[in-house]
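> One-letter residues, chain by chain:
There are 2 protein chains.
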Amino acid sequence: MTKTFTEAALSRLATRALVGLGLDERDAADASRILVLGELMGLSTHGVGRIESYGERLDLGGIKARPDIRADKVAPAIAKVDGDNGVGPLVGMRSLEAAMTMARETGVGIIFARASNHFGPVAPYCLIAAEAGFASIIGSNATTTIAPTGGRDARLGNSPVGFCVPNPGGQPIILDMALSVVARAKIRNAAKKGEAIPPTWATDKDGGPTTDPQAALDGFLLPIGGHKGYGLALIVDLFAGLLSGAAFLTKVSSWSENPEAPQDLGHFFFVIDASRLGPPEWLAQRMREFAAIIHDTPPADPASPVLLPGEIELGRLERHRRDGIALDPALVAKLEALASRNSPAGP
Amino acid sequence: MTKTFTEAALSRLATRALVGLGLDERDAADASRILVLGELMGLSTHGVGRIESYGERLDLGGIKARPDIRADKVAPAIAKVDGDNGVGPLVGMRSLEAAMTMARETGVGIIFARASNHFGPVAPYCLIAAEAGFASIIGSNATTTIAPTGGRDARLGNSPVGFCVPNPGGQPIILDMALSVVARAKIRNAAKKGEAIPPTWATDKDGGPTTDPQAALDGFLLPIGGHKGYGLALIVDLFAGLLSGAAFLTKVSSWSENPEAPQDLGHFFFVIDASRLGPPEWLAQRMREFAAIIHDTPPADPASPVLLPGEIELGRLERHRRDGIALDPALVAKLEALASRNSPAGP
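Residue numbers (this note's numbering), protein chains in the order written: chain A, 1 to 347; chain B, 1 to 347.
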């Protein structure tokens, strides 16, 4: 039996679970916000289920429950954030807040964050920024799974990056993506079903093309567009890892292989105050025209209209906010168990 | 017989050609700088040959030779540039200069430029910014050639975008790319040779997959990574076109179909003063480590070592600066003819 949660109820449960893992109440609420928004947007691999995996590392001391996160302003529009090995979405939220504070002054705020961990899905940060009137570019580095073009060893993470433009009174446009053609999970599914995969998804362990999902799982994910996606993944790591002072490329410690070690992941948050560019009506009018041109594209398949990036996720968010969201009972039980650590009846 | 030019000699010829087309001497020198760097980097489709096509539009009044380019600072770190329909690389250079001036103050400078034209290759802007110590993200919109994912009409340009991180005392890393899998020229070549093309390059006119180059030329370019590249092309136009106040999507006038009409192209220039993040030795050391990790990747083909984005282009630039560059005599003759308009013996 699935249980249906309102956004508020899910936020309370997620917050209590993080408090059960040792986080301070306010920190837990802020970190939960990202994961709950991810869940409501249907990004369930990056939703509240992540609390369990973060919890394993919190319990091992691989992540600090009570970090001392500091922003060091190095220019009127730039700050470096030291995440002090806190939970990723908490470092992310503090970074986003600091970026927006600077952008209110100078029009732009840029944060380079280091000493962080997996910061959850990117789209919720973009959405929070958009609702406050900011355009954004946000990214993180990640454990290596992609080989550089022409190489046969993983040297780059399948780094997520998001872009967003706000839309006063309407839906923002949010692009949130990783740079591989497909996620490893899709190759695992093909292997389970014994199906061949397209040669564009991954290489074998020697960096050669393969359609065998098992060979692909022993090999490396291929980035979108060959050398172009390789270049983009590399740029994300240069901004998120190298410029931030975090670990980069193969220096990023693997979460799964060394759960007890700090990962020293890095993120970047660029936010731009769109209200400096023109009044809200000006921007809203242009966003309406832009969306109309895309939506009016004759579809290749008449049953599948052309969509804007993020439209599906924002539709799910709206629906889940209205109707509530049904969660897997096993997940709910795990979150309840973490939450109960904190109650008088807990251990 | 090809003629070999030093960088200085090529710059003089390109500048004189633009002066012949009516540009002021200083403006011509600045615009030439981008095209000459593009030529020396081997980006010959975006090199000094562009002066001829810019010239056709200058002669028709489609581009203004003496624009009044203005930067309107709307926040300490943001300015909007009105290009007044000037030659693109001139609007681009003025925009880049304004962005770097703001970034010296606040750490970051963002320009949104409108009323512009084709601004040449992106990599030279990135290189100029890097040599002054700035990381950059730079892009432009373009005439529509790409259909949105699931659509069968061109609604997006094959917009170029560049990313760069500076490297004090060494080579910066520059990624300069458009968002289609291949350029139309590559499909045209296949058509000439009567060869089939991979189904990932383009669609036919109904938005369906095709391996027939002629059907592809009647259809639309495919973006890298399907919906991911579609999303990226759309984001570039949101930043370059929509936020700048320029034309966007199908509102961009076609250079080839309406050469006499202003295109109202838009660009964005984000520059970040990397020296605010740490001393030059810190950055240089990290860039060395980063490059070493990528270069040390075991290659799939032992004869082809793994390269960084921009490495080939920066190698060509170095070689051409040392040895000079040989140009097609027909191109030289055309540039000389434009340059002679300006001399006492000219028309």
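These aren't lab readings, by the way, just hints derived from the structure by calculation. There may be inaccurate statements among the hints.
As the list claims (entries may be wrong) - Partner residues aside, some chain A positions facing chain B, computed with beta carbon under 7 Å:
id, residue
1, T210
2, D212
3, I293
4, A300
Claimed, not checked - Listed next, the stretches of chain A that the computed footprint assigns to chain B, with coverage defined by at least 3 CB atoms under 8 Å from CB atoms of chain B:
id, region
5, 71–79
6, 260–273
Treat the numbers as computed from the prediction; the structure is a model and nothing was measured. Ideal placement from N, C-alpha and C gives every residue a C-beta, glycine not left out.
> Hint by hint, note whether the structure agrees.
Here is what the structure says about each hint:
1. About 12 Å separates the beta-carbon of A:T210 from the nearest beta-carbon of chain B, more than 7 Å, and the hint is not met.
2. Because the smallest distance between the Cβ of A:D212 and any Cβ of chain B comes to about 17 Å, over 7 Å, the interface hint for this residue is violated.
3. Annotation: A:I293 was flagged as interfacial toward chain B, and the flag holds, the nearest CB pair being 5 Å apart, inside 7 Å.
4. A least Cβ separation of about 3 Å between A:A300 and chain B falls short of the 7 Å threshold, and the interface hint therefore holds.
5. Look at the region 71–79 of chain A against chain B: 5 of its residues bring a Cβ nearer than 8 Å to a Cβ of that chain, three or more, so the hint holds.
6. Beta-carbon proximity to chain B at under 8 Å applies to 3 residues in the region 260–273 of chain A; the threshold of 3 is reached and the given coverage holds.
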